Amino acid sequence: MNRKERDLVARRTFLQAAGTAAGAAIAAPRLISPRALASQGKPGANERVRVAHIGVGGRGASLYHEMDGLRRKGLCEHVAVCDVDDRRLEAASKLVGPQADVYRDYRYILERKDVDAVVIGTPDHWHAVQFVHAAECGKHIYCEKPACCTIEEGKAMVEAARKNKIASQIGSQGRSQPEAYLAHRYLVNGNIGRISRVDCWHYPSPVDKSHTPDGDPPPELDWDLWLGPLRWRPYNAKYLHGVFRWLLESGGGQIRDRGAHVMSCAMWWMGADGTGPVTVEATGTPPEEGLWDSCVEMQVTYTFKDPDWVLTWNQPGEPVPPEERTGEEPGGKITRPGYGAVYRGDRGTFHHWGGDGGTWIEKKAREWVPPPGARDVYQSPGHFEDWFEGIFTGKKTIMNVEAGVGVANLCVLGNLAYMLGRKLHWDQAKQEIVGDEEARRLMSRPQRHPYHL
Amino acid sequence: MEELTVETLLKALQSSDPFIRRDAWSAAGAVGPTALPALARLAAEGELEVARAANRAMWQIVRYAGAPGREMVRSAAVTALGELISGLPTQLARDVLWMLSEITQDWEIDQAIGTALLMNPELGEDTRMCLERIGGENAVAVLQAGYARAGGDFQAAIACSLRRLGQDVPQPPCPKLQPRKTTSVKPVGR
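The listed protein sequences derive, respectively, from chains V and B.
Counting from 1, position 229 in the first sequence corresponds to residue 229 in our numbering; the numbering is continuous, with no gaps.
Counting from 1, position 123 in the second sequence corresponds to residue 123 in our numbering; the numbering is continuous, with no gaps.
No lab work stands behind these hints, which were simulated from the structure alone.
There's no promise every hint is true.
[To be verified] Across the chosen pairs, the derived CB separations fall in these ranges:
no., chain 1, residue 1, chain 2, residue 2, range
1, B, C174, V, K113, 39 to 45 Å
2, B, M72, V, K163, 55 to 61 Å
3, B, E3, V, D376, 57 to 63 Å
4, B, D168, V, K163, 55 to 61 Å
5, B, D168, V, P206, 44 to 50 Å
6, V, V310, B, E7, 26 to 32 Å
7, B, E3, V, P219, 48 to 54 Å
8, B, Q171, V, E47, 35 to 41 Å
9, V, G338, B, K186, 37 to 43 Å
10, B, D17, V, T212, 52 to 58 Å
11, V, P316, B, P18, 19 to 25 Å
12, V, R347, B, M72, 48 to 54 Å
[Unchecked claim] Capping the alpha-carbon separation at 20 Å, the derived lysine to aspartate or glutamate pairs in EDC-like fashion look like this:
no., chain 1, residue 1, chain 2, residue 2
13, B, K186, V, D101
14, B, K176, V, E220
15, B, K176, V, E111
16, B, K181, V, E111
17, B, K186, V, D222
18, B, K11, V, E288
19, V, K423, B, E71
20, B, K181, V, E220
21, B, K186, V, E288
22, V, K209, B, E47
23, V, K238, B, E47
24, B, K181, V, D86
25, B, K181, V, E66
26, B, K176, V, E288
27, B, K181, V, E288
28, B, K181, V, E159
29, B, K186, V, E159
30, V, K209, B, D17
31, B, K176, V, E281
[Stated by the list, open to error] Short, incomplete list of chain V residues facing chain B, as computed with Cβ under 8 Å:
no., residue
32, E111
33, G394
34, E438
35, S444
From a predicted model like this one, the values you see are computed outputs, not experimental measurements.
Glycine included, every Cβ here is placed at the ideal spot set by N, Cα and C.
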């Protein structure tokens, strides 16, 4: 693919596909009739999607900025922001402007009939509860990855989305990157033959050496709401925004964070959405001290059957230096060189780096020219744009909740196998761990009242 | 690391070397439930990092005991943990309840003790959640007893647990979607 073709890939949006002038502050694409949209409780074609943001610090703030690109195209407006930290809420209000209402409790947003959709950018332990509640209130949902922290949460999310017929997108945005399309197309056309193994690698997790004791939360923070569904524990400055990632019960470590990106690409490119492993084995090295308990180093093996292939998570594994970029490619620079995956086929290997917005792939796939008759694959117009297509047309999004939960389940099962120190057997059809009562119980985690499914 | 005994485990957990502590608690599972009382004391009274290591050693024993085919060890762990709860600091007692939620069989629940824990102001909410996880006839009976005695929001919480366990509990309705908390932050510029 030459430069011109690559740019075309990067620029192609559903607006253009629908014949609408991109950048004009006009209506959403008329893919189905306004009456049909309105009758389904969806925004009419002459309306902008009214979006509220739940969780507006850290990644939540980034999601706002990304979403704002669609507002500038006239596709949506920001009507409310919500956060349990008043400082973050104030900062978001300044950013969004006076037209947006501010809330501490997301349920004020859910009871508003004039809100069409929510963007959930809260810590992982809130994702499932807020997703299910929003679906039950008829809101379309963009939810940051990973989709869920337990198997039960994932089941509830899928059921709520189906029952309420909402469009959902989980934030594993790597699938929507131009390079992801090129990699997918390269692999499904057999360029490295039949793939029997995918080895993901990622740098180790940090260790908390601060010896921070529990204490009182700062006045701007509603600690009860921050904890939400989690069982009560005293406030600790090392268990908060951002660093929650390093606790198993909340963030789940690198595997649940970046695994939800790298393994998302693997499941997509392997055509494995809707499938699952039959066994999961894990070993890991925990931190030597501190509050954080997710693995510093970790190795997980997922064995799939019919078709047979193996997926592994290796922390740190064997990092592969990324190919040098010229700067002419979409994206401009390598933002995630520290993790990736190696695809092993019977006719060669293929390297992938990153997996979120910084997805990057080997040159041989970027420059591969499909011969006549080659199989093409779905190309996302952009992760938010793909979600909006789902809202307006009812089509299945690229990282719909079923796919998102499937990837999150891999991360959850990997951590469970590590925590229990034994091999787990997984029944994909029943979505259950079998032959291990304790592990079966850990598929769910009862939640604190009233912050529950 | 050579095979641990209760004594060598406790000594290693109190080492000033964090790597020795980490390796000790990581290998604590096979030491077995007899170590739980001493570990609980260390988790309650030890210096911050020693207490964390002791707590993690307790979890390792629970997860070792919960493996398929270890019924005797599991049963002994449940007995040992059950005897610990009343003498522990609140947060550690909550941890022990959650340990029990992973490995306790429904028939092992004493309804009188379970109801007392459910009605305990400090431990009630964790007890409710743990009973919901165990979820058999005895767990339901304890939740029903608590439902009859509780009032206000805690009764609503128990009602939600009972519904999740398949019981028909019409009142009070689940308040999960009712907003409760307001902010003093005002929209900037309005």
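| message | Does E111/V sit within 20 Å of K176/B, going by the straight-line distance between their CA atoms? | response | Holds, at roughly 12 Å.
- Message: Between the beta carbons of C174/B and K113/V, is the distance compatible with 39 to 45 Å?
- Response: About 21 Å separates the Cβ atoms of C174/B and K113/V, which means 39 to 45 Å is violated.
Take a quick look at whether K176/B and E288/V sit within 20 Å of each other, Cα to Cα. Given pair K176/B, E288/V is violated - Cα atoms ~39 Å apart, limit 20 Å.
* Is the hinted range of 52 to 58 Å satisfied by the C-beta distance from D17/B to T212/V? -> violated (20 Å)
Q.
Does the beta carbon distance between G338/V and K186/B stay inside 37 to 43 Å, or does it fall outside?
A. Since the Cβ atoms of G338/V and K186/B sit about 41 Å apart, the hinted range of 37 to 43 Å holds.
_Checking one constraint from the list: CA of K238/V to CA of E47/B, max 20 Å. Satisfied?_
holds (18 Å)
- For the pair we were handed, K176/B and E281/V, check the Cα-Cα distance against 20 Å. violated (37 Å)
So does M72/B sit 55 to 61 Å from K163/V, Cβ to Cβ?
violated (45 Å)
**Request:** Let me know if the C-beta of S444/V comes in closer than 8 Å to any C-beta of chain B, holds or violated.
**Result:** holds (7 Å)
### Hinted pair K186/B and D101/V, Cα distance within 20 Å
holds (8 Å)
field: Distance restraint between K186/B and D222/V, which requires alpha-carbon spacing of 20 Å or less
entry: Status holds; Cα separation ~16 Å.
Given the hint of 48 to 54 Å, is the C-beta distance from R347/V to M72/B inside that range or not? Because 53 Å falls inside the window, the suggested range holds.
Hint compliance for this structure: hints 1, 2, 4, 6, 10, 14, 21, 25, 26, 27, 28, 29, 31 and 33 are not met, and every other hint is.
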